[in-house]
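Student: The chain contents come next:
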Amino acid sequence: NAGVTQTPKFQVLKTGQSMTLQCAQDMNHNSMYWYRQDPGMGLRLIYYSASEGTTDKGEVPNGYNVSRLNKREFSLRLESAAPSQTSVYFCASSEYGGLWSQPQHFGDGTRLSIL
Amino acid sequence: QQPVQSPQAVILREGEDAVINCSSSKALYSVHWYRQKHGEAPVFLMILLKGGEQKGHDKISASFNEKKQQSSLYLTASQLSYSGTYFCGTEYNFGNEKLTFGTGTRLTIIP
Chain A
1499 NAGVTQTPKF QVLKTGQSMT LQCAQDMNHN SMYWYRQDPG MGLRLIYYSA
1549 SEGTTDKGEV PNGYNVSRLN KREFSLRLES AAPSQTSVYF CASSEYGGLW
1599 SQPQHFGDGT RLSIL
Chain B
-6 QQPVQSPQAV ILREGEDAVI NCSSSKALYS VHWYRQKHGE APVFLMILLK
44 GGEQKGHDKI SASFNEKKQQ SSLYLTASQL SYSGTYFCGT EYNFGNEKLT
94 FGTGTRLTII P
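Chains A and B, in that order, give the protein sequences.
Going by this note's numbering, the residue at position 29 of the first sequence is 1527; the numbering climbs one at a time, nothing skipped.
Going by this note's numbering, the residue at position 78 of the second sequence is 71; the numbering climbs one at a time, nothing skipped.
Chain B on its own, in the form it takes in the complex (with noise of 0.2 Å):
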């Protein structure tokens, strides 16, 4: 079942912070995200586990909700790298599917 990523698109000028949200309907064991620039390949940024603590790196990082079985991606102080589009990749049960993924939110920074 793929999960819904929320908002869709958004437009951020460089220093702002952004939240992008990741929902199921499901109960998650897993969420896997993922940014990918126009053109290039997708680029794995981190993972969160159920139960397991939040993630960051550098000014990027992530929680897991499980009563509301959701994960949100912060952009913190947004740089004009972070433009692309983010993907979550789900996971419902350990160790016998593989992630069914989001349709993506395209984040833009400008100047």
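One chain only, chain A, in its complex shape (with noise of 0.2 Å):
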């Protein structure tokens, strides 16, 4: 099993520029998250969804936007790339779902560059 599988690994982006990274976890977890990790700081929630079709911001979802496509993937689009969100980005998921779950396994990240 491959556990939570996030792409791309790396990207550099300009300013003002769109993509989408994603997340995909293969244990049939019904919770997914995405958060994001800057130097000197704890992991800061972007949004999360308690169940497939549902989606709920977190505590930094400004110039975010989420889509769960189906139980297994969750992605996170950034629609105009500030130089503020140069981070790393992770993607994490639960076996349980509802607003009490919390995440359990986490991908390795992608590391977002913004220009």
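Be aware that a few hints might be false.
In the DSS-like style, the derived pairs of lysine-lysine whose C-alpha atoms are separated by at most 30 Å in a straight line are [to be verified]:
{"no.": "1", "chain 1": "B", "residue 1": "LYS30", "chain 2": "A", "residue 2": "LYS1569"}
{"no.": "2", "chain 1": "B", "residue 1": "LYS61", "chain 2": "A", "residue 2": "LYS1507"}
{"no.": "3", "chain 1": "A", "residue 1": "LYS1507", "chain 2": "A", "residue 2": "LYS1555"}
Worth flagging that the hints you see were computed from the coordinates, not collected in a lab.
Two chains, each in its own frame: build the complex with the hints.
Tutor: Rendered as structure tokens:
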């Protein structure tokens, strides 16, 4: 089993460009999450999906959109990239659904630089 | 409200013990502990619930002190593989909020 797979692993964008970060899990998990991690700061939640068909904002949702395409896949889109969005992005999943679930398994991350 | 982790960094020799603290100014419901090695994904270690027992896994254990609103992670007889950054994630109310993470404690084990 691959667990949580994120693509791409690295990406460089110019300000104003758009892109979608992909995440897929093969554990039949119900909940999925997107976090960003900046130097000297903890993980911050961008969006989460407590179950297939639902998405909710986290702590830092501005500038991002998400799609829970099916139970396996949860994508994160930057519509107009800004330098402040330079970060490492982690996708995570939990076998539990519902609002009380918390992240259990993380992907390897996407290192995104916005010039 | 972000929890405070202490120390921020610690260097130990192999075989020594370490304690990492995660403190909150608000009443905690649960504390989740993760370890992240450099350039890798965070790995879930354990969860401590309010009123729950001390948890343990191999030589890594943790406790929850309700009076202090603090959780402590204990690493005994540390091994080289324990090196990494340890994060705590705190939950203040069950069922309607997601974890707030601390800024991490960097643990370096040297031979």
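Student: Now look at each hint and say whether the structure bears it out.
Tutor: Hints, one by one, checked against the model:
1. B:LYS30 to A:LYS1569: holds, 29 Å
2. B:LYS61 to A:LYS1507: Distance ~41 Å between B:LYS61 and A:LYS1507 Cα, so the pair is violated.
3. A:LYS1507 to A:LYS1555: Roughly 24 Å between the alpha carbons, so the hint for A:LYS1507 and A:LYS1555 holds.
Going through the hint list in order, the structure does not satisfy hint 2, though it satisfies all others.
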